[in-house]
Amino acid sequence: MHIHRYEKLWLIIGSLILLVFLAILAIQTFYLEMGPPSHAEMIDPQTVKESEIFADAGLKEIGDNEYEIAIVAEMFSFQPGDLEIPAGATVHFTLASPDVTHGFKITDTNVNVMVVPGHISKVSHTFDQPGEYLILCNEYCGLGHEYMANTITVN
Amino acid sequence: MTHITDIHTRHKGAAVNEDVAAGISKRDFHLSIANLSIAFIALLVGGAAGLLQGFVRSGFLELPSWISYYALLTAHGVLLVLVLSSFFSIGYLYAGTSRVLGGLADKTLAFGWAGFALMTAGTIIAAFFILAGDANVLYTFYTPMQAHPWFYIGLALLVVGILLNCIGMFITYQSWRKRNPGVLTPLFAFFSNAVFVLWVFASLFIAVFVVGMVIPWAFGWVPTIDPMMGRTLFWAFGHTLVNIWMLTSISAWYVSMPKIIGGKVFSDSLARVAVVILVVANVPGGFHHQILDPGLSVELKFLHVIQTFMIIFPSLMTAFAMLATMERSGRAKGVTSLLGWWKILPWSDARFFALIVAMLAYIPAGLGGIINASNQVNQVVHNSIWVTGHLHLTVGTTVMLTFFGISYWLIPYLSGRKLTRNLNRLGIAQTIIWACGMLLMSGAMHANGLLGSPRRTANTTYNGHSAASDWALYEMFMAMGGVILFVGILLLVYIWIQLAFFAPKGDTDFPIGEDYNPKDASPLFMDRWSIWVVLATLSIAIAYVIPLLDFASGHSPGSPPFLMP
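From first to last, the protein sequence lines are chains Y and P.
Okay, so the first sequence: first residue is 1 according to our numbering, each after it adds one.
Okay, so the second sequence: first residue is 156 according to our numbering, each after it adds one.
It cannot be assumed that every hint is accurate.
[Said to hold, decoys possible] Derived coverage of chain P by chain Y (criterion: at least 3 residues anywhere in the stretch with Cβ under 8 Å from a Cβ of chain Y; other residues may be distant):
hint, stretch
1, 293-300
2, 327-340
3, 393-406
4, 521-535
5, 572-583
6, 607-621
[Stated by the list, open to error] Calculated cross-link-like contacts (lysine-lysine; reagent style DSS-like; alpha-carbon spacing at most 30 Å):
hint, chain 1, residue 1, chain 2, residue 2
7, Y, K8, P, K674
8, P, K181, P, K262
9, P, K573, P, K419
10, Y, K8, P, K488
11, P, K419, Y, K8
12, P, K498, Y, K8
It is worth saying that the hints were derived from the structure and are not from the lab.
Given the structure is predicted, the values throughout are model-derived calculations rather than measurements.
C-beta atoms are modelled at their ideal positions from N, C-alpha and C, and glycine is treated no differently.
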């Protein structure tokens with residue numbers, strides 16, 4: 001089998017570009033800890049609302065301008081409702097679904113995670129810019145899917 | 156335009172008994188025609204659903220209460236990505252294989268018709284429950300959303316029908332190899348066999364999911380289901396389906412395009428290597444749909460990213476081979492200037508024009524795919540309408556335009572008619588309309604997705620939120636693109652009806668390219684599919700053993716059903 005010289009060159013250059021690309025992704029993932037949200041903990045969807053984490057919902061201050069909140073993503077709302085935080089706040093979101101699969105997306109940020117029943121999802125974000133951010137469900141979850149949204153106001 | 160009216164020639168590499176072939180092909184034709192007919196109906200109904208979705212999402216239209224946006228969305232997805240693509244692939248690959256191998260085996264026809272019957276019955280059942288509003292679960296039918304149990308029976312029949320078609324193809328392929336020891340199978344048959352090998356891998360995953368998990372749960376025989384297991388099995392199928400379309404499409408690029416432009420196949424061996432890499436490396440690509448899922452570790456996800464990236468390699472090979480084929484064809488005709496070969500390509504031949512536009516669309520489509528699969532970068536675009544834009548470039552433009560281009564020779568080949576000068580002109584117009592419609596719609600979707608607009612969501616202003624008001628402009632462009640595309644579908648259906656029933660009688664060739672150089676022929680072991688199946692199984696095992704064992708080892712509490720009427 002004979003490979004044309006130009007094709008060899010093209011494939012070598014292409015492969016090198018792919019390797020560089022993968023290396024950048026690896027550095028970002030493993031050294032800069034920018035990997036995608038991948039929380040492992042599980043929870044029974046039928047007892048989400050009574051569970052210790054999600055029963056007592058509300059924004060909790062856990063450090064200097066650092067907050068924690070447990071959000072239940074259910075058909076067709078995020079509980080508790082709209083949030084308000086000061087600028088520069090870091091928020092750690094803990095999410096679970098008592099029914100079907102939902103998505104948790106905050107517009108104008110990279111916060112984007114799936115909420116699959118049976119699993120707990122976690123994602124964190126620091127809100128530097130003041131404004132009203134839209135939280136929406138970006139995974140189809142039933143006939144009221146388009147109504148599933150909240151806001152998070154950064155003052 | 157002599158290239159359209161080429162005389163009927165048979166592939167030189169295949170041992171074809173001309174007398175037998177002439178009799179055999181008629182009965183083979185009927186099977187292909189039956190499959191293509193269902194594909195055409197699916198395109199019309201699925202396309203109409205898409206048009207209505209564009210109107211609803213942009214706020215131009217409010218649906219009557221008896222049908223929801225999501226029922227239309229489910230119909231659009233199931234009918235186009237599952238029904239249209241599989242029926243068309245089977246009709247086309249069976250016809251081409253019959254052409255290059257000198258007819259299909261008797262048993263192949265039996266399996267083919269049985270498969271066709273099951274697939275058609277499954278499609279009718281599934282379509283009925285979707286349009287009746289009893290299956291608003293979209294084509295991904297993520298559990299624990301639940302549709303009417305018979306929707307899943309319909310899907311299962313469709314998949315079993317496809318598996319019967321796989322067996323049919325393997326019988327003809329292997330019996331040809333037995334009758335021709337020491338001879339390399341024709342390149343088209345190799346492509347065809349590869350597509351059906353991928354179908355087997357894809358079908359096994361979805362069959363385990365639908366038959367083994369969803370149907371017992373949908374009938375209430377088991378109380379709960381594991382949603383993560385479902386997502387994983389679905390995408391092992393779903394992403395493999397993507398490369399089934401791609402492999403079907405590039406078979407026309409590699410095998411037929413050279414003949415259409417009056418050149419030769421660039422390199423038989425490189426084509427086969429690209430095919431084999433696609434088959435071996437393909438299935439684990441499904442995991443890049445789950446980059447933002449919980450329950451899969453960061454390390455495992457990175458392994459999947461590497462495996463997904465393997466699929467880029469054959470695409471690079473294809474890009475080179477296509478341009479090299481075109482340049483050599485021009486050089487053989489005496490072109491000496493640097494880019495002169497590009498100018499003398501048969502731009503006025505609809506068969507070529509549709510294929511080359513499909514290839515050009517594959518460049519941004521492939522780049523978008525790399526972005527989507529890039530681990531943390533996925534967070535920027537996941538489940539935004541960018542992804543919808545991406546798949547309208549890949550399957551909607553690259554694959555569909557290739558299928559349309561194929562149909563300009565396949566339908567007259569099967570109906571014993573000719574592509575007239577006028578129909579050829581309409582084919583070129585159709586390609587331009589399709590490309591413009593997709594450019595507008597897919598471009599608007601990509602832009603809107605980067606602004607954060609979600610996919611698969613009915614018209615909403617999110618209580619007048621300012622972020623959502625920025626999306627309205629792009630939604631209008633999407634609807635406009637949808638209108639242009641629907642005009643394209645109507646024009647295409649007109650061309651198809653003409654080619655099938657009204658165009659003048661005549662002999663149309665199924666273009667099969669010859670090798671540029673016998674030195675480039677593959678070594679014989681390339682035809683030994685056991686090697687590639689073992690390697691593919693290994694690559695699947697590397698990706699899937701850890702997560703599937705993890706899900707199956709009983710940690711999942713399970714989910715009861717949520718009916719989606």
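Here is what the structure says about each hint:
Residues of the stretch 293-300 of chain P with a Cβ under 8 Å from some Cβ of chain Y number 4, which satisfies the need for three, so the listed coverage holds. Coverage of the stretch 327-340 of chain P by chain Y is violated in this model, with 0 residues showing a Cβ closer than 8 Å to a Cβ of that chain against a need of three. Closer than 8 Å: that is the beta-carbon criterion, and the stretch 393-406 of chain P has 0 residues meeting it against chain Y, so the requirement of 3 is violated. Counting residues of the stretch 521-535 of chain P whose CB lies closer than 8 Å to any CB of chain Y gives 8, which reaches the minimum of 3, so the coverage claim holds.
Proximity of the stretch 572-583 of chain P to chain Y, defined as three or more residues with a beta carbon under 8 Å from a beta carbon of that chain, is not established by the 0 residues found. Taking a C-beta to C-beta cut-off of 8 Å, the stretch 607-621 of chain P contributes 12 residues in contact with chain Y, enough for the three needed, and the coverage statement holds. A threshold of 30 Å between alpha carbons decides the hint, and for Y/K8 with P/K674 the separation of about 17 Å falls inside it, so the pair holds. Using a Cα cut-off of 30 Å, the hinted pair P/K181 and P/K262 holds, with the two alpha carbons roughly 16 Å apart.
For the suggested pair P/K573 and P/K419, the alpha carbons sit about 23 Å apart, so the restraint of at most 30 Å is met. About 26 Å separates the Cα atoms of Y/K8 and P/K488, which keeps this hinted pair within 30 Å; it holds. Using a Cα cut-off of 30 Å, the hinted pair P/K419 and Y/K8 holds, with the two alpha carbons roughly 20 Å apart. Straight-line distance between C-alpha atoms of P/K498 and Y/K8 comes to about 26 Å, which keeps the hinted pair within the 30 Å bound.
In summary, the structure is inconsistent with hints 2, 3 and 5 from the numbered list given earlier, while agreeing with the others.
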